Amino acid sequence: MQKSVFYCALAAAVVLGGAAGAATLDDVKARGNLNCGVSTGLVGFASPDASGNWEGFDVAVCRAVAAAVLGDPQAVEFIPTTGKTRFTALASGEVDMLARNTTWTFSRDTDLKLDFIGVNYYDGQGFMVPKALGVTSAKDLDGATVCIQTGTTTELNLADFFRVNNISYEPVPIETNAEAQQQYLAEACDVYTTDASGLAATRAAFESPGDHVILPEIISKEPLGPVVRHGDNEWGDIVRWTLNALISAEELGITSANVSELAGGTNNPEINRLLGSEGTLGDMIGLDSEWAQRAIMAEGNYGEIFETNIGENTPVGLARGLNAQYTEGGLIYSPPFR
Amino acid sequence: MATMTNPPRESFRLSMLIYDTRYRSLTIQVIALFAFMLLVAWIISNTVQNLAGLGKEVEFGFFSEPASYDINQRLLEYTSRDTHLRASFIGLLNTLVVAVLGCITATVIGVFVGVARLSRNWLIARIMTVYVEMFRNVPVLLWIVFAMAILIESLPSPRAFRGENATQSLILNDSIAITNRGVYVPEALFSRSLGDVRLFGESSLRFDVSLDLIAIIAVLAASVFVFRRIRAWAERVQNETGNRPTTWHFQIAVLVVPTFVLLATLGFHLGKPELKGFNFAGGTHLRNSLIALWIALSLYTAAFIAEIVRGGILAISKGQTEAAGSLGLRPNRIMSLVILPQALRVIIPPLISNYLNLTKNSSLAIAVGYLDITGTLGGITLNQTGRELECILLLMLIYLFISLSISVGMNIYNKRVALVER
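Going down the list, the protein sequences come from chains A and B.
When we follow my numbering, the leftmost residue of the first sequence carries the number 1, and every step to the right adds one.
When we follow my numbering, the leftmost residue of the second sequence carries the number 1001, and every step to the right adds one.
Okay, chain A solo, but in the shape it has when bound (with noise of 0.2 Å):
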């Protein structure tokens, strides 16, 4: 791990603004396969099947994206990032995207190089405690064990939430959701804290999840999104409006089972013009007129994917919540194709 780093950042220093400056969409394209950063291994989010296959509500992202890219959603490298290397990977070129729960901040947008693309979760951070210890609420967490992923907000958001309400802990870091998982199941820690999604994916993968709650408590704003290097902003276009489209196909009722039906054509101009069937949207971000199509069709469209992966029906068994339509309550929401 501490190599990783270290070769990233060496890589980072060398490659940089070659990587930086170069048109990621032509890289691709030349490369036949898109490097997409995941997390190492979050059920629901990004983890691999039995067969080895990456499947997850963040991976459908970089399938949707290979798809109106490529044309082929399984023309993807998924590369397992942890929260300490991922915006090296990012910045060195080692990965095109990033889709691994990463929370949109001021200072990653500017000071990091890094460009957020959109959201595609509304999270927010709670904290996980095996029931037995009775705790109802995240403020009688005075003097708790608080086992924390080294790397990310969290680290902060934690930090501030305990001193501000004036109650101890001691955090235990780690570098993976894996080893968390272990050290709370051996009561190593007596809590375990990271983003909502996050926690109910972690839980959805214990023996009993029933012996787990998730406290009240959400003490922060995750707004979790596909990153792309900054500088590159036709790249940064086709992945925005890659999300968009599957956001705007859920709107527009647009899903991986009628898409082919509706791209003939409809009496809705804004799913010919998302479709193809009328205009030149496609042209505009340098790829066919039929991206669109391919990237719903890949996995379906944003509530498709939702459902499928992380969804009420699913173990890990999410609410739609913030992250309904608009329409419905939620703040999903997608610009207009026009």
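By construction, these hints were calculated from the structure, which means they are not laboratory data.
Just so it is clear, the structure is predicted and the values come from calculations on it, not from any experiment.
There's no promise every hint is true.
Derived CB-CB ranges, DEER-like [what the hints assert, rightly or not]:
hint, chain 1, residue 1, chain 2, residue 2, range
1, A, Asn233, B, Glu1059, 50 to 56 Å
2, A, Glu77, B, Ile1044, 28 to 34 Å
3, A, Ile167, B, Gln1168, 24 to 30 Å
4, A, Glu278, B, Pro1066, 23 to 29 Å
5, B, Ser1175, A, Gly134, 27 to 33 Å
Backbone N, C-alpha and C fix where the C-beta goes; we use that ideal spot for every residue, glycine too.
Position chain B relative to chain A; hints supplied.
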């Protein structure tokens, strides 16, 4: 004399740089040096240019920003409002703690195992061989993770100590708690403490030094000084009269009494760990991460030291043992008085490099969540500020400095034990 003539001086021609063997090697070296410097210059200028292209110039201003993260093991006071520099400093101290602890235990275990491996007792020698081969041939990272996993999985959690029907209890007169979050041992407290002195004011490198500790060290040093004077006096008397005066009771009294008096004046007592809320409170908390790292690094490095010690001992000719034996020395004393002092000369130089290895290997600490300098400066600070180049460069300089310091110290010691050649 007058007949001696100078050979005709050949005037220097440029082609001689290549064709004349006197200059050729020099020429090649100069060219190689230039090529190397060009390469370095290219890398540096490329880096600077690329960083500038990204709008990220090299600067260290972030060090005075608040770190905003907490560190669990801190030898000095630190809060998340302190600066990144302070956080790095706390991390540096953590690195030094585990390096010093590791070097000491690795040496003790290594010497013991190295000697035992040469034992005539078949079983002991074989066990030591197995130990050495096992630890030497498995990467240290695995040992660290393994040690941590054992500590976490096999020890009871603090909850097992709680309530009426607790399944676990504290050991040694209710003073030590061994849990899967670490070991809690009693801490030394002073009810009439002298307080602390703060060095370096309010800067990020501020350092609180306990006056109690200084007082104890001063008194102990004075005791040892007097102890030595008594011994010297006894030796002088013995040399003059042939009778050695009985001094052991004085010596023990000199060593023990002043310290005890001081401790009593300061109101010394032990603060025992007590179960409070989620965890034990009070006492000193030796965290799992420290213990796992310490054990794994010590055992791993000790395996190498054992081989060095064995090699050093084997380098001393057998005649030395036999000669010492014929003088009537017992095997223990042969080892400590005759063999080891000579073997040290062979042992010390490779020992230095093992100390360096241990110190550098301590940078694997983050694998078990021990926040050393790599975890703070090269980990969280790097990640939160995005200053990869600055952090990594600084980190390399710090490790370089630590390693060179160890090297210098050990080399001085090596000079002292080296064979004085006349």
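Now the hints, each set against the structure:
no.: 1; hint: Asn233/A to Glu1059/B: 50 to 56 Å; result: 26 Å, violated
no.: 2; hint: Glu77/A to Ile1044/B: 28 to 34 Å; result: 32 Å, holds
no.: 3; hint: Ile167/A to Gln1168/B: 24 to 30 Å; result: 26 Å, holds
no.: 4; hint: Glu278/A to Pro1066/B: 23 to 29 Å; result: 54 Å, violated
no.: 5; hint: Ser1175/B to Gly134/A: 27 to 33 Å; result: 29 Å, holds
Checked against the numbered hints above, the structure breaks hints 1, 4 and satisfies the rest.
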